Amino acid sequence: MKFTLNGAPRELDAHPLKRLLDVLREDCGLTGTKEGCGEGECGACTVLVDGEPVVSCLMPCAQAEGCDVITIEGLAGNHPLQLAMMREVGAQCGICTPGVILAARGLVEAARRPTLERVREALAGNLCRCTGYEAIHRAVLSAHAELHGPSAKSAAPVPAEEAGA
Amino acid sequence: MRTATAPFTLRRARTLDAALKILREEPGTVPLAGCTDVYVALEFGGTPGSRYLDLTRLSALKRITTSGEKLVIGALATYTELQKSRFVRARLPMLVEAARLVGGVQIQNMGTVGGNLANGSPAGDTLPVFAVADADVVLAGPDGERRVPFNAFYTGYRKSVRRPDELIVAVEVPPVIGKQWFRKVGTRAAQAISKVVFAGVRGLETRLALGSVAPTVVRLPNTEMVLNGGGSIDEALRALADEIQPIDDLRSTAAYRRGVAANLVRQFWSATA
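Residue numbers (the numbering used here), protein chains in the order written: chain A, 1 to 165; chain B, 1001 to 1273.
Okay, chain B solo, but in the shape it has when bound (with noise of 0.2 Å):
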């Protein structure tokens, strides 16, 4: 590894209340779960901080379940679990969908749904699931619980409204009416980062969601009220064009990002009619 972790400090919390405690007295910890970015960062030099959280130990984040009619994911759950849960794979097909698209199997079993929301990159391959499921963040801080919606979390590029001393607990998500779809456009199946991420629900209300065009995952607000509006798909990839802003990187270039995109939605239309 290029980072030297040796001068680094490691406390594991066994209790949410300590995990708290630790992040409120120390700050600038950076919590671990699945390590599968933060232990990249380091790889490439980066530092990411110099004290760590485990937080691993903290079990009942690991729990999927269902609070009345929510979905209750917990932080920790890994997405090999997502693919497991009979309550993901019954209310939310296109979350499974997105899991196996994380990775390899080993990376499967270590990502966390908290450490990809809280990583915060715009390609992350659960993001737009949860913006098209209307979903919320549930943050854990000195003060107690907040649910912050998916659609209001992050601020900008790689920021969200998350604050240094609280945690991603879990993500509610009400049920999804519709028929749901999920498409990950990258350079192989497995182990690739999206250049694009799609996914889309259609039902009474058509919701959409792209990753990796814009400083954060976006919803598309006005090409959905063209589909809603029942105007045609050529109108409503017209509206698309006007609010997606990819960029060139060192994955793909901002003219592919905006081909694609408008494929996906063009393809979601058809497979959803």
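Bound-form chain A, shown alone (with noise of 0.2 Å):
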């Protein structure tokens, strides 16, 4: 299968059902994607998949062929995602994190500052048994202000149809 990964053309030969999450860790050697639940409930093995976050315990690797996959280590280690999960001690075992950080990545980068409702609305699909979240919702947060400036304008209000019950 053909497809882009962390920007760089990849081409390898995996059984199309193969787990892209198995691809990603066994023939890529990119162990930075955690498997938790292996069965999409904890959000660790989440990775982008043409910039969305999906978990790759649930996706065969032909699904992927084609597309633009983003993993851990396609970030720098200097993502101000990074550096705020640091600053903020959003990290204790670790399992979650890279899982946590994909996830929060489009909102870190949108313009707009998002709302700790937003945040945790992105972050539900990321299990943490360590950290009780405060720390992480806060090092989303921190990473906006660090990369948009802590004046960002806020995103608008969640509409009455979407903020539900």
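By construction, these hints were calculated from the structure, which means they are not laboratory data.
Keep in mind that this is a model prediction, so the values were computed, not measured.
It cannot be assumed that every hint is accurate.
[To be verified] Straight-line alpha carbon distances no greater than 25 Å define the calculated SDA-like cross-link-like pairs of lysine to any residue that follow:
id, chain 1, residue 1, chain 2, residue 2
1, B, K1179, B, L1237
2, B, K1084, A, A111
3, B, K1062, A, V49
4, B, K1084, A, V49
5, A, K18, B, T1003
6, B, K1062, B, A1013
7, B, K1159, B, D1143
8, B, K1062, B, V1072
9, B, K1084, A, D50
10, A, K2, B, P1007
11, B, K1084, A, G106
12, B, K1062, B, R1089
13, A, K2, B, R1011
14, B, K1084, A, A155
15, B, K1179, B, N1222
16, B, K1062, A, G51
17, B, K1062, B, V1161
18, A, K2, B, S1059
19, A, K18, B, R1012
20, A, K18, A, D50
21, B, K1021, A, H15
22, A, K153, B, Q1083
23, A, K18, B, G1049
24, A, K18, B, P1007
25, B, K1084, B, P1174
26, B, K1159, B, V1148
27, B, K1062, A, I70
Build the complex from these two chains, which are given one at a time in their own frames, with help from the hints.
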């Protein structure tokens, strides 16, 4: 299969039903993507496919053919969110961290400052058993301020029909 | 994954005709879209099949559009796409709400409407919405398309009228008149399968549907009849008790589900008054 991995073209021979998670870890040697539950519940294996977060444990690698895949190794290690996670102690055991960072990257890079509610929603699919989430949410907001300045215009309030009961 | 997939095969179709041909010529082939049910089954050691057909290249089936008065939702539309669609937001806000409460963002980016229908779990979050919207399921097969009323689509627990050589290609939703209301009750807000899921419409005609209280998602004709005939909510809840059959399972108990189902119908009735 051919795809783009962390910005570079990649070609490899894998069974088309093999999980993208296993292709990344075993065939590509990128073990930053973690397997947590293996059933799409915990978000530890989150990667970006064409910019959108997905759980790589539920994706046959054939579906990533021709796509742009970003794993945690695709961030340079000094992404504002990675630095903020260290600053705010948003990681303890670290298993959920790569998935959390990739799930929140879009919010951090978007120009508008996300509300806490928005951050919580974006990370609802990522379970963390160590931090209690508060430090992670702080890190996301802090990284946004770092990248765009603390006075970035805040995101429009969630529309009524989206706000829920 | 507990099930070894190496002996299995995967075909990828580029056109609907090619997909239907594969289903016809290779019986037992399992269609794949978001994989959020099939890959969970494989993880748990299940074998949904040994031949798989990936549909995700059929981009025409991702479209959400309108046709005359009807909202037409392509089977490959994801939960994220449902939330973003201006047509769905304007016409079927209860479906937007249901889509928001499926899994987390990652699952919403992968899971599809067609998959929710095909999987046929009585806990499927979008299903009560289609039940109260009187939607039609559009099936494509060797002899062309046919439409089946959603409320006649399921014949039993995870059983439907879809033939193995047919694919769900769309859901068509007529205009829904009245206030729409959706509520899912699970262990936590995200990433939890429903203990009970409810959708209701209150207009000239009140329509109610519940998931996870019977082998399939169910409309509640007797409860509706009481309310549409001017009966009280207490009378309606007595009718409700006779038309649901919840069970004890790993997520909840029959008794709890009965209580929650009644609370949801009562809450719907006062919230939409």
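Tested hints:
no., hint, result
1, K1179(B) / L1237(B), "holds (20 Å)"
2, K1084(B) / A111(A), "holds (19 Å)"
3, K1062(B) / V49(A), "holds (17 Å)"
4, K1084(B) / V49(A), "holds (18 Å)"
5, K18(A) / T1003(B), "holds (11 Å)"
6, K1062(B) / A1013(B), "holds (14 Å)"
7, K1159(B) / D1143(B), "holds (22 Å)"
8, K1062(B) / V1072(B), "holds (10 Å)"
9, K1084(B) / D50(A), "holds (17 Å)"
10, K2(A) / P1007(B), "holds (22 Å)"
11, K1084(B) / G106(A), "holds (16 Å)"
12, K1062(B) / R1089(B), "holds (17 Å)"
13, K2(A) / R1011(B), "holds (16 Å)"
14, K1084(B) / A155(A), "holds (16 Å)"
15, K1179(B) / N1222(B), "holds (20 Å)"
16, K1062(B) / G51(A), "holds (18 Å)"
17, K1062(B) / V1161(B), "holds (23 Å)"
18, K2(A) / S1059(B), "holds (20 Å)"
19, K18(A) / R1012(B), "holds (14 Å)"
20, K18(A) / D50(A), "holds (19 Å)"
21, K1021(B) / H15(A), "holds (23 Å)"
22, K153(A) / Q1083(B), "holds (23 Å)"
23, K18(A) / G1049(B), "holds (15 Å)"
24, K18(A) / P1007(B), "holds (11 Å)"
25, K1084(B) / P1174(B), "holds (20 Å)"
26, K1159(B) / V1148(B), "holds (14 Å)"
27, K1062(B) / I70(A), "holds (24 Å)"
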